[in-house]
Amino acid sequence: MVVRIRRPLKGAHFIHPIEPTPRTAILAPGFRETRLVRIFPQGWNEHARRFDPGSIAGPLEQLRRLALAACCWPLEQAVVVFTYASAPGIPPQDREKLWKSFGVPVFEQYLSPRNKLLATECDAHSGLHVISGCEGIPLEHDVCACGNPAPRLTRGSRLEELAGLLA
Numbered sequence: 001m002v003v004r005i006r007r008p009l010k011g012a013h014f015i016h017p018i019e020p021t022p023r024t025a026i027l028a029p030g031f032r033e034t035r036l037v038r039i040f041p042q043g044w045n046e047h048a049r050r051f052d053p054g055s056i057a058g059p060l061e062q063l064r065r066l067a068l069a070a071c072c073w074p075l076e077q078a079v080v081v082f083t084y085a086s087a088p089g090i091p092p093q094d095r096e097k098l099w100k101s102f103g104v105p106v107f108e109q110y111l112s113p114r115n116k117l118l119a120t121e122c123d124a125h126s127g128l129h130v131i132s133g134c135e136g137i138p139l140e141h142d143v144c145a146c147g148n149p150a151p152r153l154t155r156g157s158r159l160e161e162l163a164g165l166l167a
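Reading the sequence shown from the start, the letters are residues 1 to 167 in the working numbering.
Quick caveat, the hints were computed from the structure, so don't treat them as lab data. Small disclaimer: the values here were computed from a predicted structure and weren't measured. Mixed in with the good hints, there may be bad ones.
As a list, the in silico DSBU-like pairs of lysine-lysine whose alpha-carbon atoms are at most 35 Å apart [to be verified]:
(1) K100 <-> K116
(2) K116 <-> K97
(3) K10 <-> K97
(4) K116 <-> K10
Quick list of the computed label-pair ranges, beta carbon to beta carbon [stated by the list, open to error]:
(5) K97 <-> E76: 11 to 21 Å
(6) P20 <-> R50: 27 to 37 Å
(7) K97 <-> K10: 13 to 23 Å
(8) D52 <-> P149: 31 to 41 Å
(9) E96 <-> E19: 18 to 28 Å
(10) F51 <-> H13: 11 to 21 Å
(11) Y84 <-> V2: 23 to 33 Å
For glycine and all other residues, C-beta sits at the position ideal for the given N, C-alpha and C.
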């Protein structure tokens with residue numbers, strides 16, 4: 001008889017906003033690798049390029065630098081921007097720049113300091129659906145345009161966002 005001892009996996013589990021999950025390069029430490037998800041804690045480099053991701057995820061600053069460097073080809077699925085507890089969301093101008101640079105939609109994921117997913121943005125981009133936590137934060141309880149009844153964190157109204165883009 002063979003007894004296998006499983007060691008606890010290190011890092012947070014990454015949940016991609018679009019199914020099926022494409023090959024995803026995460027440009028931040030603290031996540032768990034899988035067959036389709038690779039972690040590049042030093043950011044974009046030759047190893048990340050050779051991985052040939054269809055999607056990238058990381059903190060806003062890291063993705064801004066990558067967009068400015070124009071070193072990436074158009075991606076297949078999405079850019080996932082990590083924002084952290086008590087930090088502001090993605091400014092509309094940054095969302096637009098990232099979308100134009102990478103040629104794919106941009107989704108925000110609100111994470112705890114240990115990268116646990118607290119809330120995630122859906123295709124409707126009408127706030128972030130609460131997954132866990134978020135106590136004490138004002139939430140929207142109306143059913144989202146995507147049909148999900150989960151409460152949402154709001155990041156300003158869509159009118160404010162559109163006005164910011166037109167300014």
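Hint check, failures only:
6, 7, 11
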